[in-house]
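Asks: Spelled out from the first residue to the last, the chains are:
There are 2 protein chains.
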Amino acid sequence: MSMYVYFFGEGKADGNAGMKDLLGGKGANLAEMINLGIPVPSGFTISTEVCSYYEKHQGGYPPELDKQVAAALAKVERAMASRFGDQENPLLLSVRSGAARSMPGMMDTILNLGLNDTTMQGLIKRTGDERFAYDCYRRFVAMYGDVVLGLKPEGKDDQDPFEVLLEAKKEAKGVHFDHELSAQDLKDLVREYKAEIKKKVGADFPEDPKAQLWGAIGAVFRSWNNPRAIAYRELNDIPDDMGTAVNVQSMVFGNMGKASGTGVAFTRDPASGADVFFGEYLMNAQGEDVVAGIRTPQPINKRQKGEKDVPSLEEEMPDIYRQLDEIRTKLDCHYRDMQDIEFTIQQGKLWMLQTRSGKRTGLAALRIAVDMVRQGLITKKEALLRVEPDQLNQVLRPIFDPQEKRKAMDNGKLVARGLNAGPGAASGKVVFNAPDAEEWAGRGEEVLLVRIETSPEDIRGLNAAQGILTARGGMTSHAALVARQMGKVCVAGCGALNIDYKKRQIQVESHIIKEGDYLSIDGTTGEVIIGKIATRPSEILQVLIEKSMKPGEAEIYGYYAELMSWADEVKRLGVRTNADKPDQASIAIAFGAEGIGLCRTEHMFFEGDRIDAVREMILADDKAGRERALAKLLPMQKADFKGIFQAMKERPVTIRTLDPPLHEFLPHTGKEIEELADKMGMAAEKLQSKVNALHEANPMLGHRGCRLGIVYPEITAMQAQAIFEAACEVTKQGIKVHPEVMIPLVGDVRELANQRRVVDETARAVFARNKVQVEYKVGTMIEVPRGALTADEVAQEAEFFSFGTNDLTQTTFGISRDDAGKFLNAYLQADIWDADPFEKLDRTGVGQLMTIAVQKGRGTRHDLKIGICGEHGGEPSSVEFCHQIGLNYVSCSPYRVPIARMAAAHAALKERSGD
Amino acid sequence: MSMYVYFFGEGKADGNAGMKDLLGGKGANLAEMINLGIPVPSGFTISTEVCSYYEKHQGGYPPELDKQVAAALAKVERAMASRFGDQENPLLLSVRSGAARSMPGMMDTILNLGLNDTTMQGLIKRTGDERFAYDCYRRFVAMYGDVVLGLKPEGKDDQDPFEVLLEAKKEAKGVHFDHELSAQDLKDLVREYKAEIKKKVGADFPEDPKAQLWGAIGAVFRSWNNPRAIAYRELNDIPDDMGTAVNVQSMVFGNMGKASGTGVAFTRDPASGADVFFGEYLMNAQGEDVVAGIRTPQPINKRQKGEKDVPSLEEEMPDIYRQLDEIRTKLDCHYRDMQDIEFTIQQGKLWMLQTRSGKRTGLAALRIAVDMVRQGLITKKEALLRVEPDQLNQVLRPIFDPQEKRKAMDNGKLVARGLNAGPGAASGKVVFNAPDAEEWAGRGEEVLLVRIETSPEDIRGLNAAQGILTARGGMTSHAALVARQMGKVCVAGCGALNIDYKKRQIQVESHIIKEGDYLSIDGTTGEVIIGKIATRPSEILQVLIEKSMKPGEAEIYGYYAELMSWADEVKRLGVRTNADKPDQASIAIAFGAEGIGLCRTEHMFFEGDRIDAVREMILADDKAGRERALAKLLPMQKADFKGIFQAMKERPVTIRTLDPPLHEFLPHTGKEIEELADKMGMAAEKLQSKVNALHEANPMLGHRGCRLGIVYPEITAMQAQAIFEAACEVTKQGIKVHPEVMIPLVGDVRELANQRRVVDETARAVFARNKVQVEYKVGTMIEVPRGALTADEVAQEAEFFSFGTNDLTQTTFGISRDDAGKFLNAYLQADIWDADPFEKLDRTGVGQLMTIAVQKGRGTRHDLKIGICGEHGGEPSSVEFCHQIGLNYVSCSPYRVPIARMAAAHAALKERSGD
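Chains A and B supply the protein sequences, listed in that same order.
Going by my numbering, the letters in the first sequence line up with residues 1 to 915, in that order.
Going by my numbering, the letters in the second sequence line up with residues 1 to 915, in that order.
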C-alpha cells in the first residue's frame, strides 16, 4: 500500500527536509523541525503524488487516502489534545498548499477549518472570547466560500461578495476598521455570508467538518492548475507535473489574549549579515495585523531596540525568548544557512510555523557566507554559491541613505523609472548638455546630465557629472556603456521624460523639472526621484578605491577580500577589464583585473585639444595631410599607452585600433560647423560638404572598424607606432609589457592580413630604432557573423580572438541596440524574448556563432587565446556560457570585475556539480 | 626518352587540339590545323613540362632537349626550304609563349629571331627590300634587348631605352612616323641599339642564331613567373604549376610586296551571329598596321562591302579567298564553334597563324548556339553552355544606336562612369527631383532623373523618367533596386558628379550640365555621356513586351524562345519574380516567371493618395486611430492584390507584410513637415516631434520587418484581410489562387508564431464571411543570421523560407549596402573581396548560413519549400549556388527572369558534368 499521508507531531515526523519533492518545501521543513525537537503544531502532509493522481483521475483520490487521512487526523487530535468537530474542545485546522519550489501567493489556503455552529460554542468556551470566535468563524466562511466554493472574483474589477457585505456592515455601523465591529455584528455577518453562499452556489455552507476538510483538500489540488499558478511556473521554469502537496495542520492563535503573540525573525541580520538574532513581533495579534501596519511591531531582543522605546520580547517574555533563541541557533546550524522563521505564542506556549532560507542584502549574503565558513558550517565552495554575482553590485556601488530615500518615495517624489543602466545612487542639479555639465562641475556644483541620448562628443560632460539620465537608448546605449565604463550612475531609456532642450526643462506627467533643480537617480533600480537624497560610497568601495581604512570598512572589506580569494581559487576563466585610461586601469586592478581585454583608442581622441588634430586628419584632402595631422596625435597616443602600460605592469593589454566611423568626431549642427570651419580656417560650405560626404545611412554598419585602417593605412600605422614606442620605452624602464593589438570588425581573413601587415611592419621598424624587442600579439574582434563563420580562416592570421558581443548581437539579430527601445518592451511582454539580448547573452543564436568560432578557430590554431570584451563579459549568465564554451577570459568594465570573478567561480563550481 | 618537343609542318603534326595542357592552346591549335591539312608555317612546340623542369632546376633544361630541338629545327628548315643562320636564304623564327589557358599579353614574344649582320644580307637578297629588312632587324634587336636581356623598363614612368633612341632619331630626321625613316636610318638605329645593349648589359648582342634561340626560349619560360603573369593567374584562378609551352615557328611576312597581306576573320558574324564569313585584311601590311589605324582595312568578301567603296579580298585575290573560305568552313565545323582566325598572305601564299574560339555579342552567342544545333554540329546542352546567362541581358535591354554612340564618345562626350546598375540605354533631359520628373514627363518630355541618392518617396518620379543617375549608392542601392525592378536604365554611385540641387546643375570636371540639358546613360556599361543618343528596344523585347512581330524581330525572338525552351527542359530550380504590381507581373510572365517570390506591399503605399492614409496611420495617437487609417488603406491594398492574383492566375504569389521602418513614409525637411502638418490639421511642432521620435540611428536594424507587426498587430491584420478578401473574390471568379504570406526579418520562431497567429485568425474570419476556402501558406524571410542559425525552430512555424540575401549579406558582413561605397573600391583593389558581395553571393559566409538554414529547416520539415528573393536571385553565380544547396526556386526582378532561367540550366548541366 502506497504511503500518501505523512504525519508530524508529538516530537516525531514521517517526513524530513530531504523529501521536498514529495512533501513540498513547507511540509518537509515542518517535518524536519519536529524531528529536531522543535515545537510545531501537529498535522499531516498529503504528498504531491496525490496531486498528480487527482489530476489524472479528474478529481478522484487513491482508494487508500481516506483511511490514511483519518488515521493521521486521529494522531493530530491526540497530539493537540482536542477533537475535530468537537463541541467542547474543537480541533481547528489550516489547509495549505506547499510545492517543492516556492510559488508564493499563487495557490490557495484555508484557515480555521472545522468551525460550524456547533464547534463555535466549543471555541467560545475554550477562549472565553465570543468576538474572537465569531471573527474566526466569519473569516473561515468567507475563505471557504471564496476558495472552495469558487466565489472569488475572477476579473480584477469584480468585487468579492463577502467584502461587499463586510463593507456594508461597517457603513451601517458607522465604523472604519474591521476590529471595531462587535461580536454580534460578526455573528450577523456569518449568517449573511451563509445566505450569500446559498444564493450564489445553490447549496448550504457545509456544516460537517469532514466535508469541509475534503472540500479544502480538493480546492488546494485544483489551485495547482489555476491560471496564475500556470503562468508563474512557465515564467520560472517549474515543471507542470511536479504537483503540490497539501499541508493540514492544527491552528494556533497568537491573538488569544495577553500571553499570546506572533512574530517573524531571521537567524542573522538580513541587512548587515551580522551573526545576531533579529526579528519583530506583536503581542495578542495575528500575522496579518503586522502587515496591516496599525500597530508598530516590537523588536525581539534588547540589542535591536534602538531609538524605539518599546519593550522587546526578551524583556516581556524572557522564557519564551530563551526558547526562541535556542531554536534560532538550532535551525541556523542545522540548515547551515540564515533562516526566515515564523512563530506564534498561544497562551504562553511557543509554536514554530515555518522555517526557510531568508532573503538578504548583498552585504549580508557576503558576510553570512564567510562567517559560516569561519564557523565551520559550510565549505568555501558552498559559501561562493551562496552569493549571487550580481549581489556584489550592492556592496560596491554608492548608495542612497535608505531612510532619506524612503521618505522621498513616500512623499510622491518618485516620478519615473528607466533602465538601471549604471548601478549606484546619484543626486545633482539638472543640466542639459555636456559643456554645461563641465562648466557647472568646474565651479563645484554636483550635476546630473540629462540628455535625450548621448554621443561620444559628450564624454567630458559625462565625466564631470554625478550621474547620467537619458530618455532614449537601452542597457548598452552609449550613455549606459560609458557610464559603466567610468563607474558612473546611469538611468537610461526613461521614455516618460519629455526633455525640452530649448526650454531647458523636463516634463514628466504633471511635474516640471528645470535646469538647476535637484534630481536623484538610482542606477541600481532605475528610479528617478525629484530632489536631493544623500548618498555615500559603500564600505568596500571606500577601502578599494579611496584606500580608506576605517575599522568598520576594513572589516567588511575583509569579508569581501576573503570570499573573492576563494572565487579566484576555483574559477578557470581569466577576468580582464575594459579600460581606456590609466586611472580606470588602476581601479580595475584594485577590483582584481588580470589584464586589459579592451582598450578603446578612440576614447582618447576626445581629450583636451586632441579632437582638433583628429578633425584635421579627417578633413585633410590627401594622405600627406592626414599624415601631418596624425603626427600631432602620435605623441599623445603614445603618452596614453605609456600610462596604461605603467599601470598594468606585466599584465597583458589588448589595444583595439580605431573603430568608430569618422563622422562621430565631427560636429553636426550648422552652428557648430561654422565655428569649427572658422577655427580650421576653411569655408563653412566646404566643411558642411565634408560632413555630408561622411554621413551614413547606418553608421553601425558603415565605414568603421578595420574598414578605416584598410582605406587609411596611415591611421593604423600611427596607432601601431604609438603602441610600440610606448612599449619600448616602458620596457626600458624595466617593465615587461605585453601589448596585444586587436583589429576590429573583421569578417574576412584578408582584412586581418592586410592590417596585420601594417602592424608587423611598424613593429619591426620601431624595435629596430629602439633596439628593443617587445613580445606582442596581433588578433581580432569577432563581432560580425562572417568572422565567426570563417574563424578557421581568420585564425590563420589571428593569435587571439575577442568576441565583441555587442556588435555580434546587433548583427546576429539584425537589431540596432540604439533603436531596439522601440520594440523591446513589446517583445518582452509578448514573451518573444526572455531577456534583453544586449544585457544577457543569447545562447541560442549569438552563442551558437561563438561556439562555431571557438571550434573552428582552435581547429586551425589549437592554442588560440579567446576572450570576450562585449558588455556581456560582466553579466553572470553570460560569463557562465563563456566558461562552458571554453573561453580563456572575459573582459568587462572595472566595476563589474568582481562580479565577473564571482560568476566565473560559480560557473566552475556548477560544472563540477553537474548543474 | 621523354618527348619534349612537338614538331608541326609538312602536313602533319606530333600534337593535336586535345593536348592543350602539354602544348598550350596556341600550340595545340597550330598542330590541329596542320592535321586538318591547313597551311601553317612550320615550327615546333616545347611542352609545358619543360617549363616546370626549368623552374625546378633553376633555369636548367632536360638533357634530351638540346637534341630534340635540333632535330625539330632541321625538320622546320626542310619544310620551309630555308636554313637557320643562312646568309642566302635564312629561316627566321618567332618564339611565343602559349599556356593551356589564354593569358593575353601577360608573357613575352620575340619575332624575327635568327637575324644578325650575316643573315641580314640573305633577307635583303630574298626580299629585295633593304628598308624592310633593316626594319625587321631593328625590331628584333629591340625586342631581344627588352625581353631576353631585361632592358624592358619595370616602372611605368621609366622609358624603354630603344624607344628613346627611336624618338631621337625621328627628331633628328624631322619626321613624325616610323615608316618615314630610311633604310640607312634604320641601319644606324640597329648599331645604336647594339651599343646601348653593350653599355647596359656589359656584353655584346649575340650574333649567333642558336644562342638567340636558347636565350628567347629561356626568356619565355621565365616570363611565366613575371609579376603581371602571377597576378593574372591569381585573378583568374589559373594554377601556378600549369606552366607555359614555347612555340617556335617560322616567320611569314604579309608586308613582302603587293602579293602579300594580313588579316583577321571570324567564321561567323560575331555581332549578329549570322552564318556568314566575316573579316578584314590589309594588303602589304603587318598585323600591327591594322592596329595603328593609319590604313583602313578592307572587307574580306563582297557581302561586307557596304558603304565603303574598297575592294574585298574576294575580288582582289579570288583564289586566296576561296582557300580561306574553305578553311573557314573546315574550322567552324571541326571546332563546332565560331573561330577567330588570323592569316597572312606572303607573296601569294596563304598561311594560317591562329585559330581560337571567338568572342561574340550576346545576340551572336544566342544565334550561333541555336544555329549550330539546327546544323547538327552541337547538342542542345552544349548550345545552352555556349550562352552565358548575363549575355541575355544584351539581347533584352534597349540599346544605343552603336554608330551614334561611337560618334559621341569620339567627340569627348563621355564625361564619367558609374556602376552599371540597371542595364539598357537611356537619353533624356536632366531633372533633379521626382516631382519635376513627373511634371516634365506629363507634358511629354523624355527626362533623366539625376539625384544624389533616391528614396521611396521618389517612386513616381523614377517611374516617369527614362533613366536614373545617382551620385551615391551601390549596385543594390534604392535607385538600383527599383530601377531593375521597373526595368529602368540606371547608372548609380557615379561619384564624379557634383550635383547642386540649388543651382540645378551638375558639375563634372570642367563640364556643367544644367536642368533641361540632354544627358545619356548606358546602364550596361555605366557610361554617362553628354547629349542625346538615339535608343531602340532590342528585337526580343519588341516581341516579348510590345508584342510586335516584324519579320526580323520574330526571327531573333525565335532563336531566344528555342534556346529558353531547352533551358527549361534541363533546369531544376524554379524561377519566380519579384513584382509589386500587375503590370510587372505580366512582364515577368512573358519572361517565363513561374510565380511571384516577393511582392513588397509597401511599394503600394506610395501610390496616389494612399500615402495620406499611411501617414495618418503612422501619426495616430492610439490603436483606434491607427485602425481608422488602416480601414482606408484596406480597399486599396485589396484591389492591388486582386490585380496581381488575376495577372498571375494559378501561380503562387508570395506577399511580404510591411517591412520598412515607418519614418520612411514621413517627410524629413522642415518645409515638407510644415506642409504635411497643414494638410493633416496638426501642429507642425507636434508632427516634428513625431518625426523625431521615429528617427533611428540605424534604420536598417531598426523598427521594421515583423517588429512592426508585433508592436502594431493591426497592420498585419489589415494586410492579411486585404490578401484573403482579394483571394476569395478572385477564387469566386474561377481562378485557383495560391497566396503565400511571408513575414519579414524573423530571427526567432516566436516572432513568426506571433504574426502567424494574426494571419491565421484573419484568414479564418475572412473565409467564414466569404464562405470560400483558399489554400494558403505562411512562411518567412530568412534574412538575419539568427533566423538561419535557428532554422530548425523557425521551420516549426514556417511552411516556406525565402532567403533575403540583401539583408542577410548586410548582417552577416555587418555592412550597410548604402554605405559600402566608401570602402568597396579599396576592398576590391586590395584583393580583400573578389567581388562586391551585394552583387555576387558570398558563398563562404552568407552561403554557409544558407546551407545551415536549409539543413536545419528541412530537418524539421522535410518538404519545406525554400527560395531566394534577394537581388542575388538573378545573378548567375548566385543562382548556381542556390541550385547546389537544393533550393526550390530563385526569384528576381522581371527583366532578369530569362537570365535566372539560363543560369539555372547551366547549374543543372554543370552538376551533371561534374564541373
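No wet-lab data here; the hints were simulated from the structure.
Note that the coordinates shown come from a computational prediction; the quantities given were computed from them, not determined experimentally.
Some hints here could point you the wrong way.
The list cannot tell twin chains apart, which means a pair is met if one copy fits it or any two copies do.
Within a straight-line C-alpha distance of at most 30 Å, the following computed DSSO-like cross-link-like pairs (lysine-lysine) qualify [said to hold, decoys possible]:
id	residue 1	residue 2
1	Lys125	Lys173
2	Lys550	Lys67
3	Lys514	Lys690
4	Lys623	Lys258
5	Lys258	Lys187
6	Lys686	Lys514
7	Lys381	Lys679
8	Lys865	Lys581
9	Lys581	Lys198
10	Lys856	Lys732
11	Lys686	Lys503
12	Lys671	Lys532
13	Lys840	Lys856
14	Lys413	Lys690
15	Lys125	Lys330
Asks: Run every hint past the structure and note whether it holds.
Replies: Comparing the hints with the structure gives:
1. Lys125 / Lys173: within (27 Å within a copy, 145 Å between copies)
2. Lys550 / Lys67: Cα proximity of Lys550 and Lys67: none, with 66 Å in one copy and 100 Å across.
3. Lys514 / Lys690: between (37 Å within a copy, 23 Å between copies)
4. Lys623 / Lys258: Neither, since 91 Å and 59 Å both go past 30 Å.
5. Lys258 / Lys187: within (24 Å within a copy, 138 Å between copies)
6. Lys686 / Lys514: between (38 Å within a copy, 21 Å between copies)
7. Lys381 / Lys679: neither (62 Å within a copy, 70 Å between copies)
8. Lys865 / Lys581: For Lys865 and Lys581, the Cα distance is within 30 Å only inside one copy (24 Å; across copies 54 Å).
9. Lys581 / Lys198: So Lys581 and Lys198 fail the 30 Å test inside a copy (76 Å) and across (66 Å) alike.
10. Lys856 / Lys732: Neither. Shortest intra-copy (39 Å) and inter-copy (56 Å) distances fail the 30 Å Cα cut-off.
11. Lys686 / Lys503: Result: close only across copies, 16 Å inter versus 32 Å intra.
12. Lys671 / Lys532: Classified as neither; 35 Å inside a copy, 43 Å across copies.
13. Lys840 / Lys856: both (24 Å within a copy, 25 Å between copies)
14. Lys413 / Lys690: between (47 Å within a copy, 29 Å between copies)
15. Lys125 / Lys330: Answer is neither; intra-copy 37 Å and inter-copy 128 Å both fail.
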